[in-house]
Amino acid sequence: MKYVDEYRSAELARGLASEIAGLVQPGETWRVMEVCGGHTHAIYRHGLEDLLPSEVELVHGPGCPVCVIPMGRVDDAISLAEEPGITLATFGDMMRVPGGRGSLLEAKARGADVRMVYSPLDALALAAKLPDRRVIFFAIGFETTAPATAVTLLRARAQATPNFAVFCNHVTIEPPLRAILETPGLRVDAFIGPGHVSTVIGTDAYRFIPKEYGRPVAVSAFEPVDLLQSIALLLRQRAEGRCEVENQYTRVVRREGNARALAAIDETMELRDEFEWRGLGTIPRSAMRLRAAFAEWDAEQLYTIPGVRIEDPKACRCGEVLTGQIKPWECGVFGTACTPERPLGTCMVSSEGACAAFYAYGRLRRPTEEPVGA
Amino acid sequence: MTDLAPERCITCSDEAVEAEVVAVDGLEAIVLVDGMHERIAVDLVPEAAPGDVLLCHAGIALERVDTQPGRPAEAGHRASAS
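Protein chains in written order, with our numbering: chain Z, 1 to 374; chain V, 1001 to 1082.
Chain V with its partners taken away, still in its complex shape (with noise of 0.2 Å):
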């Protein structure tokens, strides 16, 4: 418990990674983190399917991600208002 330099957060062990979806099977999807595969929840992203890059946080997905959203020094232009 001495861990002072977690690469995720240490509440959850799990700071909204990004992973990829290796197979879904109904409402749970095997994703791979950092080479390991683990179970996650697609209750709120039921549309995944393997390929798809998922944000994820406390064992379910959150959103998908654009994987092509452009070189990061042109996001700022791309910033949308609300």
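The following block holds chain Z by itself, in its conformation from the complex (with noise of 0.2 Å):
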């Protein structure tokens, strides 16, 4: 691929690797956690795992936006995708997630009108195409994605689409952070930061981790050059006595992020009170909804939302995968009841997910004394 040849050099990953090795302390672990679920296919993708050292342990965080997202919602999608005359269009993992009645894809084959867009911006041209039915974007992800959303609603105005709606899920990154920092007994000393949430965010966003909570962040691109470097200089800051945000990824991410994004998001979209994660419970002020001034586009304002919630099955335990607590090995179901056929639980469906992607590119490397699901 163009632009990126040159961040898959085994040349450049052996001497980074090596350097890494040089950094630690024999017999430490030391344990830095990849929010985004993009950072945890990369690492499985590429057998980072295997270029580090064993006193570097790598956990996975809550950074899969399809992860994130409770049975509950999904049970209140497949409510709006009933209504008579509604079209409900949404990314293809979405579809995928298993609620407490099944998927969307499955809401699909009993004759709900669900359809898998690319963009939110392909919901809006749907709407054009079935002036007779209205289209609701089933809209989830982090701050990166939240930008499509609202230029699609920002466009939805200046066109005055009539039947067009938003179902708005949209988290964001800074209250989960918090969330697993505040957890007692965390074990994580150093953060990668997501490289393309950071995008429009900017890096001073994480600033408040070396503030408060004394956690060097590298905010990474998706490399494998880029990940061992971004791992290399959060073991450079500690050598050097230093704890604060450094960017790895100057060729996209600026301190300040996108203003115009930031500016979008803030024009069509407002924080919500609370909102349930995935295995993370209920936080304040960690996701959004749309602005009074958007109601007309704003489907929870156009119908009535059931507001489910339901628990997760007892057997799953994507809530300790999601906050780093086991590896999805560890998980019972892990590879048995739960595969990305037929996923149990959210982060085998998403490929950012952890345990798919451990799933397709791991599994198969542990010993055989640790079996898979076992």
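The set of hints was computed from the structure by calculation and includes no laboratory data.
One or more hints might be untrue.
What the hints assert, rightly or not - Some chain V residues near chain Z, calculated using beta-carbon distances under 7 Å:
(1) 1030
(2) 1041
(3) 1043
(4) 1058
(5) 1059
(6) 1066
As the list claims (entries may be wrong) - When the alpha-carbon atoms are kept at most 25 Å apart in a straight line, the in silico SDA-like pairs for lysine to any residue are as follows:
(7) 129/Z with 162/Z
(8) 129/Z with 1047/V
(9) 129/Z with 1027/V
(10) 129/Z with 1049/V
(11) 129/Z with 1025/V
(12) 129/Z with 1028/V
(13) 129/Z with 1026/V
All C-beta atoms in this analysis are idealised placements derived from N, C-alpha and C, irrespective of residue type, glycine included.
Assemble the dimeric complex from its two separately framed chains, guided by the hints.
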């Protein structure tokens, strides 16, 4: 791929791995949480754990946008899809996430009009093609995806599209990070900050982590050399007695983020009082809803949302995976009752989910004395 | 739906890919992704011009990419602190 080849250089990766090995203290365990699901996917895909010394342990964080959506919100979306005259559009993975009454894909099989789109703008275009129906975009994602929804809403208003709406489930990255940082007995020493979220919100947004919680952050891109370099940056900080936010992804990410994207989000959305996260419980002011000025495109204003709350299946340990307390293979149903073909938990649905990433790339390399699903 | 090793995020089939601008028409741009032309919105990067590389996600451009950041080995020394 153009522009990224040098970031997949085996020579550079080996050099960085060697530097990392020289920066750890023998016998210690230094735990680094990669917040973003894209990083989790890249770590498994490129086998980065095999390049790191045993002293560095990678812990997977809550940054998969699909994984953090609770089952009840899926049921809410199914309820909307089953309303007469509604076409529900969403990203492919959200169609597969199981709720209490199955998935959106299963609702589609029962007759609901559910469509997969790549962009909320596609949903807006669909509304123009289906003037007799209302197209509702089931919006999920962190600050990476919220700008696309915001731009779509601004265009819907500019075009005066009457039959389009958004069921807004956008979430923000700071509150779950604080929730993790305030977990009693937290065992995370440093953070690899999300790259694409940071493109929007900027690196300054993470300054509270070193300042209030004493952990360093390196905002990272997604290629193997990028991730190794970020780990080396974090270890260098420790070696030099520093604790701050560093930006490895300088080719895209700015300190202040993208002001236009932030303005578009701010014009269309505001923080909710609270939002339920899968695995993290209810977190105050951690998700977005549409502003009153966009009420005519707000599915929550136009329809009665059941507001279903469903306990996760008892066997499912997504919550502990999302907060880095256990590894995917430590969940009893991993690879048996829960597989990418028939996911029980959200972490197995999206390719950014830690369980799906480990299932795809890592499970066959684990020693036989620790069998998958044991 | 059983692709276990997708090159891109299957959430949005678009894991914030870096794409080169071929043409710009108002707030729409044609970009080249893996040899294919795709149309994306540039509302958030209106200064985009042909030849620019954009970070694209879910049908919109999020930012322009600096394609001359130096060799990766040097980038660590260029890392900026907040």
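Per-residue hint verdict: residue 1043/V, partner chain Z, C-beta under 7 Å: At about 5 Å, which falls below the 7 Å cut-off, the nearest Cβ of chain Z leaves the hint on residue 1043/V intact, so it holds.
Against chain Z, is residue 1030/V within 7 Å by beta-carbon distance? Given a least distance of 15 Å, the restraint on residue 1030/V is violated.
Run the distance test for residue 129/Z versus residue 1047/V: straight-line Cα separation, threshold 25 Å. Violated, at roughly 30 Å.
Taken at face value, is the distance from the CA of residue 162/Z to the CA of residue 129/Z at most 25 Å? holds, 12 Å
Hinted pair residue 129/Z and residue 1049/V, Cα distance within 25 Å: violated, 30 Å
Given residue 1058/V as an interface hint, is the shortest Cβ-Cβ distance to chain Z below 7 Å? holds, 4 Å
Has the given pair, residue 129/Z with residue 1027/V, been kept, meaning a C-alpha gap of at most 25 Å? holds, 21 Å
Taking the least C-beta to C-beta distance, is residue 1066/V closer than 7 Å to chain Z? OK, holds: residue 1066/V within 7 Å of chain Z, min 5 Å.
Given hint residue 1059/V near chain Z, where the shortest CB pair must fall under 7 Å: Constraint on residue 1059/V satisfied, holds at 3 Å.
Restraint: residue 1041/V near chain Z, CB-CB cut 7 Å. Satisfied or not? holds, 6 Å
Can the restraint linking residue 129/Z and residue 1028/V be considered satisfied, given a maximum Cα separation of 25 Å? The hint holds at about 19 Å.
Assess, step by step, whether the Cα of residue 129/Z is no farther than 25 Å from the Cα of residue 1025/V, and give holds or violated. holds, 22 Å
The structure does not agree with the numbered hints 1, 8 and 10 stated previously, though it agrees with the rest.
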